[in-house]
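Visitor: If you read the protein sequences in the order shown, they are chains A and B. Note that the working numbering has the first sequence beginning at 1, numbered continuously upward. Note that the working numbering has the second sequence beginning at 293, numbered continuously upward.
Keep in mind that the hints were calculated from the coordinates and are not lab data. Note that the Cβ used here is the ideal one computed from N, Cα and C, for glycine as well. Treat each hint with caution, since some may be false.
[Stated by the list, open to error] Here are some of the chain B residues that sit facing chain A, going by a computed Cβ distance under 10 Å:
| id | residue |
| --- | --- |
| 1 | P310 |
| 2 | G326 |
| 3 | W329 |
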Amino acid sequence: MQVPAPFDYVRATSVANALELLERHGPEARVIAGGHSLLPMMKLRLARPDWIIDINDVAELHALTEEPDELRVGALTRHAELLDSDVVGRLFPIIHDAERVIADPVVRNRGTIGGSLGQADPAEDLTTVCDVLHARIVIASPGGERVVDMADFHRGPYETACEQHELITEIRFPVRPRAGSAYEKVERRVGDWAVAAAGAALWMAEDGTVADATIGLTALGLEGPAVEAAAVLIGERPSEDLFAEAADLAAAASSPIEDQRGPVDYKRHLAAELTRRVLGRALDRAAHPAVA
Amino acid sequence: MQVTMTVNGTEVTRDVEPRILLVHYLRESLGLTGTHWGCDTSNCGTCVVLVDGEPVKSCTQLAAMTAGHEVTTVEGMADGATLDPVQQGFMEEHGLQCGFCTPGMMLTARALLDRNPDPAEDEIREAISGQICRCTGYATIVRSVQWAAAHPAAEGTTASEVPA
Ligand SMILES: Cc1cc2nc3c(=O)[nH]c(=O)nc-3n(C[C@H](O)[C@H](O)[C@H](O)COP(=O)(O)OP(=O)(O)OC[C@H]3O[C@@H](n4cnc5c(N)ncnc54)[C@H](O)[C@@H]3O)c2cc1C
Ligand code: FES
Ligand code: FES
Numbered sequence: 001m002q003v004p005a006p007f008d009y010v011r012a013t014s015v016a017n018a019l020e021l022l023e024r025h026g027p028e029a030r031v032i033a034g035g036h037s038l039l040p041m042m043k044l045r046l047a048r049p050d051w052i053i054d055i056n057d058v059a060e061l062h063a064l065t066e067e068p069d070e071l072r073v074g075a076l077t078r079h080a081e082l083l084d085s086d087v088v089g090r091l092f093p094i095i096h097d098a099e100r101v102i103a104d105p106v107v108r109n110r111g112t113i114g115g116s117l118g119q120a121d122p123a124e125d126l127t128t129v130c131d132v133l134h135a136r137i138v139i140a141s142p143g144g145e146r147v148v149d150m151a152d153f154h155r156g157p158y159e160t161a162c163e164q165h166e167l168i169t170e171i172r173f174p175v176r177p178r179a180g181s182a183y184e185k186v187e188r189r190v191g192d193w194a195v196a197a198a199g200a201a202l203w204m205a206e207d208g209t210v211a212d213a214t215i216g217l218t219a220l221g222l223e224g225p226a227v228e229a230a231a232v233l234i235g236e237r238p239s240e241d242l243f244a245e246a247a248d249l250a251a252a253a254s255s256p257i258e259d260q261r262g263p264v265d266y267k268r269h270l271a272a273e274l275t276r277r278v279l280g281r282a283l284d285r286a287a288h289p290a291v292a
Numbered sequence: 293m294q295v296t297m298t299v300n301g302t303e304v305t306r307d308v309e310p311r312i313l314l315v316h317y318l319r320e321s322l323g324l325t326g327t328h329w330g331c332d333t334s335n336c337g338t339c340v341v342l343v344d345g346e347p348v349k350s351c352t353q354l355a356a357m358t359a360g361h362e363v364t365t366v367e368g369m370a371d372g373a374t375l376d377p378v379q380q381g382f383m384e385e386h387g388l389q390c391g392f393c394t395p396g397m398m399l400t401a402r403a404l405l406d407r408n409p410d411p412a413e414d415e416i417r418e419a420i421s422g423q424i425c426r427c428t429g430y431a432t433i434v435r436s437v438q439w440a441a442a443h444p445a446a447e448g449t450t451a452s453e454v455p456a
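Construct the entire structure; sequences and hints are all you get.
Guide: Now the structure itself:
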């Protein structure tokens with residue numbers, strides 16, 4: 001029966017107040033959102049903060065707004081809310097694909113998008129999704145606010161551009177025409193972390209060629225998108241052969257490690273197979289967008 | 293610190309350490325041992341309670357985070373002597389063997405039926421997919437929830453009629 005080591009607890013009432021509290025309580029203070037990554041780590045003493053700053057009451061972190069050119073998602077938006085949102089499913093079906101297989105419905109009632117990105121676990125699904133969608137992350141710090149591209153935000157396993165005294169406030173997903181996206185994950189059992197997963201987005205040109213593409217892999221030892229794999233798609237007319245070529249390049253870019261979830265060759269096989277599947281589904285969705 | 297929340301309709305306050313998890317608050321501070329504890333990894337779901345009507349793993353939430361919220365535990369499911377249809381369904385369809393997972397399963401079922409009074413079998417299985425029945429009695433758990441869906445206002449079995 002594990003409980004966290006002792007700490008002090010305080011609730012933040014606003015973003016400004018959370019930043020103040022982070023500054024006041026020093027380098028061993030940590031923000032808690034859903035707590036579904038932080039509390040398990042605290043039970044295992046993998047994290048041992050002196051102060052816990054609870055941001056669950058900060059209403060300004062809890063909005064979902066559709067702008068003409070982007071969807072803005074507050075950091076405190078729960079997995080379950082993303083999954084329930086029609087606008088999210090219509091604009092970014094990849095988010096719904098991923099959310100259906102992130103943890104289980106009870107965990108999804110609490111876990112947040114901001115906490116997921118803040119945790120940056122290599123097997124965490126929303127980081128890949130945000131990479132694929134070229135999301136931009138809004139970070140509040142005592143000096144003001146900055147907007148960071150995913151490429152700069154996600155620095156590696158458990159490491160992001162959000163410093164300990166800062167707060168992720170919003171995730172912005174650019175809306176572009178003729179887009180399709182998809183995510184697929186292989187897990188050992190329902191609710192488990194990925195053995196491997198892949199996500200892809202395609203943006204089509206009016207002439208039916210691929211205008212832009214991104215491919216991302218989860219739990220496969222690749223940080224950031226598979227750039228070379230996506231590059232072979234751009235300017236080309238989609239075909240099964242073309243997708244297979246990109247899928248092989250994505251697998252080549254992966255560097256999975258053997259663990260209890262499977263051996264290297266199996267995971268690399270999944271990298272190719274899942275990439276091929278999500279490209280097909282993304283194309284299908286770009287051609288047949290969900291009606292508003 | 294003083295932690296005040298509403299548990300099964302009654303406001304309670306206890307002085308606890310900030311690190312106390314909701315499951316401990318319920319079991320140890322309040323003596324409500326119907327909420328079980330089965331793992332340290334947030335995987336088993338035997339600790340599920342409703343917070344503001346939504347199923348939550350009470351081992352993965354601080355009691356302090358729950359202050360000001362409404363919690364329902366298995367002890368709060370029956371209305372006086374009248375069982376919740378979900379509880380009655382678990383009796384009718386043999387939804388429990390050892391009973392360890394049962395409080396969490398019943399609360400998740402209650403929340404599901406509140407949102408979706410006539411769930412498909414798949415939807416029931418999905419709803420309880422974060423909860424493990426060590427006795428592997430999933431088929432009868434699903435049938436118990438289906439029984440409750442079919443009997444939304446159960447005939448009012450009273451708790452005293454429940455076989456001991
Ligand atoms: C049983 C189980 C299975 C899971 N399976 C999966 C899975 O398959 N795929 C998956 O992707 N995830 C999975 N998760 C993780 C789940 O998605 C978590 O909810 C998520 O990783 C963290 O979100 P949180 O809100 O709970 O974050 P918290 O635990 O509250 O915080 C995590 C970290 O982020 C920081 N943080 C939180 N919010 C902010 C913010 N706004 N600004 C700056 N820093 C912040 C915290 O300080 C902490 O360091 C699983 C979790 C559990 C318990
Ligand atoms: S005790 Fe196992 S999930 Fe809470
Ligand atoms: S009845 Fe024994 S754990 Fe489910």
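Visitor: Measuring from the C-beta of P310(B) to each C-beta in chain A, is the shortest one below 10 Å?
Guide: Nearest chain A Cβ about 4 Å off; hint holds.
Visitor: Quick one, is the W329(B) hint okay against chain A at 10 Å, beta carbons?
Guide: holds, 7 Å
Visitor: Min Cβ distance, G326(B) to chain A: is it shorter than 10 Å?
Guide: violated, 17 Å
Checked against the numbered hints given earlier, this structure breaks only hint 2.
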